[in-house]
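Generate the whole structure from the sequences, applying the supplied hints.
So the sequence lines, in the order shown, correspond to chains A and B.
If you use the numbering used here, the first sequence corresponds to residues 2 to 448, in order.
If you use the numbering used here, the second sequence corresponds to residues 2 to 448, in order.
It should be emphasised that the hints constitute simulated quantities derived from the structure, not laboratory data.
From a predicted model like this one, the values you see are computed outputs, not experimental measurements.
Take the hints with a grain of salt, since some may be wrong.
Claimed, not checked - Taking lysine to any residue and the SDA-like style, the derived pairs with C-alpha atoms no more than 25 Å apart in a straight line are:
1. B:54 / A:159
2. B:20 / A:179
3. A:384 / B:298
4. B:184 / A:10
5. B:184 / A:193
6. A:221 / B:214
Below are the chains, spelled out letter by letter.
Protein chains: 2
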Amino acid sequence: MNKEEILELINEGSLDISKIKMLVSDMNTVDIAEIFEELGTEKIIQLFRILPKHIASDVFSYVGSDHQQTIIEALTDTEVSEIVNKLFVDDAVDFIEEMPANVVKRVLKNVRPEKRKLINQILQYPENSAGSIMTTEYVDLRENAKVREAFDTIRSTGVNKETIYNCYVISDDRLLVGAISAKIMMLARPQDRIGDLMDTNLVFTYTTDDQEAVADQFQKYNLLAMPVVDKEERLVGIITVDDIVDVIVEENTEDIHKMAALVPTDEEYLKTSVFRHSKNRFVWMLILMLSATITGFIISSFEEGLTALPVLMAFVPMLMNTGGIAGSQASTLIIRGMAVGEIGLSDVLVVIWKELRVAVLCGLGLGIVNFIRVLITNSQNWKLCLTISMSLFFTIMMAKTVGGILPIFAKRLKIDPAIMSAPLLTTICDAVSLIIYFSFAKLILGL
Amino acid sequence: MNKEEILELINEGSLDISKIKMLVSDMNTVDIAEIFEELGTEKIIQLFRILPKHIASDVFSYVGSDHQQTIIEALTDTEVSEIVNKLFVDDAVDFIEEMPANVVKRVLKNVRPEKRKLINQILQYPENSAGSIMTTEYVDLRENAKVREAFDTIRSTGVNKETIYNCYVISDDRLLVGAISAKIMMLARPQDRIGDLMDTNLVFTYTTDDQEAVADQFQKYNLLAMPVVDKEERLVGIITVDDIVDVIVEENTEDIHKMAALVPTDEEYLKTSVFRHSKNRFVWMLILMLSATITGFIISSFEEGLTALPVLMAFVPMLMNTGGIAGSQASTLIIRGMAVGEIGLSDVLVVIWKELRVAVLCGLGLGIVNFIRVLITNSQNWKLCLTISMSLFFTIMMAKTVGGILPIFAKRLKIDPAIMSAPLLTTICDAVSLIIYFSFAKLILGL
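So, in structure tokens, the structure goes:
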């Protein structure tokens, strides 16, 4: 691998520039950027200066933000200007967002005025909005242009565009009127008019729309790019599928974190400070801890029964865990089903009906296994076995139903289902399963 | 919206064909396919027959598999042949995989022999392999061709290709030697030689590689398409980014399901039978239920202590829940961090060190809050408060550490971290937290 060879060369200290240049010329810029992750400050700057000019800014856009800062701080103003002017606007914004104020100031000072304006504009869009992930390097065409002229435009400006495969047709006042793919143009005749070939049935988004909704559209329509318009429906940018892939992964991470009762963050685990980690976890732990006061009260209120037959206590964790898992299985399926659009708000009755039947099957199976197990371990006290198995069955019935309904109700109340289900579901399942258990204990065992 | 208008027209029974044709001509094929989801069998077939020939197979590829079956069963052999021959090979495979044997037989009988061969070939690749999601409609070029000739090739065959933006250069024996984008060709001169322009530093995959690894490469290198080669490195297909977006969502769903102790499935919730749902959930519920035998034993062994001071029991659920959430927060962060490549096997010491410090902060905070709460609710028995708060603190320390380490060890043992963490982590945390609790009870309260 070229990567190992370059690392070896650099670490030996023998900066064989021509050898490194040769090795680098045959590598993907993403792989070159990876080398930086394994170097110290001094070597980072040495290697970056060796990079051929035409790939330097591309490599720079893939380097981690801490190393980007190292590089920028070591470069002269002229070098900074060269690098940043060559970055796509969306990459420049991603980079600037991670920099401290003094670096941002220096970068913006050294960027071309038109580009500075665009960067500043994108920086102002709210986080996670379509505007914040778009780029302004798109190809725009006019309705009256011929295919031949369109190709001329692409040839003269295309090198600097994020994509030339999806071109957008705008009116004189920059309103978005159509889209045309390079494929359509390549298969058309040079004299054909763009306005006659373009697609007017457009999937587009507003700058203020949420990136998650944009990602859903990309998935639904199998898009490579989507135009972004402002309030007046003027074309202001495009979003490309490579950035959407990142959005999808990011949004999934967020959902997974929320479901595990974590305050979601897009910082990397290893780069997040201990204090920040603690903050992101503390609130939900506190809520769960305090809500367990309820189960505490329920147990205390049955103290007499438990003292009379202490063995009852031994099954509380089993009941609560099985109920908890039964509930979280159901809620996870529903939350994810809603996130990918398979389950809608109107499916609540179908979900309940399905969960009830699943609960009967699972509850019966587990109830029987449990009956036998307790019969063996607890000296054939069949009344005790019945109490526990009946409680288990109804706990599963309750947990599956609540787990199925809760996320749908949350969504109906416009609360994020992923956030509310973990603590609320646990609290409900724990409390109700104890009430079921102690009720059966009173009924069957006469406590 | 055109969709509502068409639905109205169809449901009125007044099949105004020309009106529907007009409405449909202005719609995205994905949106047209959505209409079918809301129609009964008879109307589905009526509407499908009205669709203009050139979009029918495209719409067909987006229709749900149950409706695809309805349509195919109603069509004549000639019509089936027309539809399926126009489908891209990967869409044809996706469709055939969902059909019952008799439909598959009929479809394959009515497809062109060359296409049938390709479909059969792709059907043979293992599930979730690169081969199973690739398509064979790609543009291949020769090194010695000129850009002008390449464009001629694209113009004459491009209509039927899944993408014309990424073309692949092959040798006489079909070995993959390079790649060239339409952008490079459009910006080059007509007389330039493909071999001089092509990129030889290729990111490619083997037919047998896992789709998840392919998706990681797409993300890392921001690809639009990737060539797929066989064992002999001959080009056999390409994978396009739209299919990779689906893979990413699918793999994320799988991880989420595993983390909630569910056997993952790619069937939709509403379309999965009750029996199947029960099967997917039963095993892990059973394992968790049986593993709770351990906690049962621990509680039984401390029966004397609990009988002497029954109030101790009231705090067991709180301790176990808080410990459980502390552990699952840590394991979720690590599992997801490893899935997106932020945390590696070698980071185990860094993770332990970080989790220990987070646990100290969270444990101290919760311990203090808990001390005060118990002091208020349990008539100022400060020894009891101390027992519970100390147990809570050490439970959190243990849970965070185990939650952090377990997924990394699992991965080192080549076990899927998402699968093993839920049941094993719960069992360990529950058991150890009880041991901690009862030890402090003996020590501080002298039970």
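Hints not upheld, ascending by number:
1 and 4
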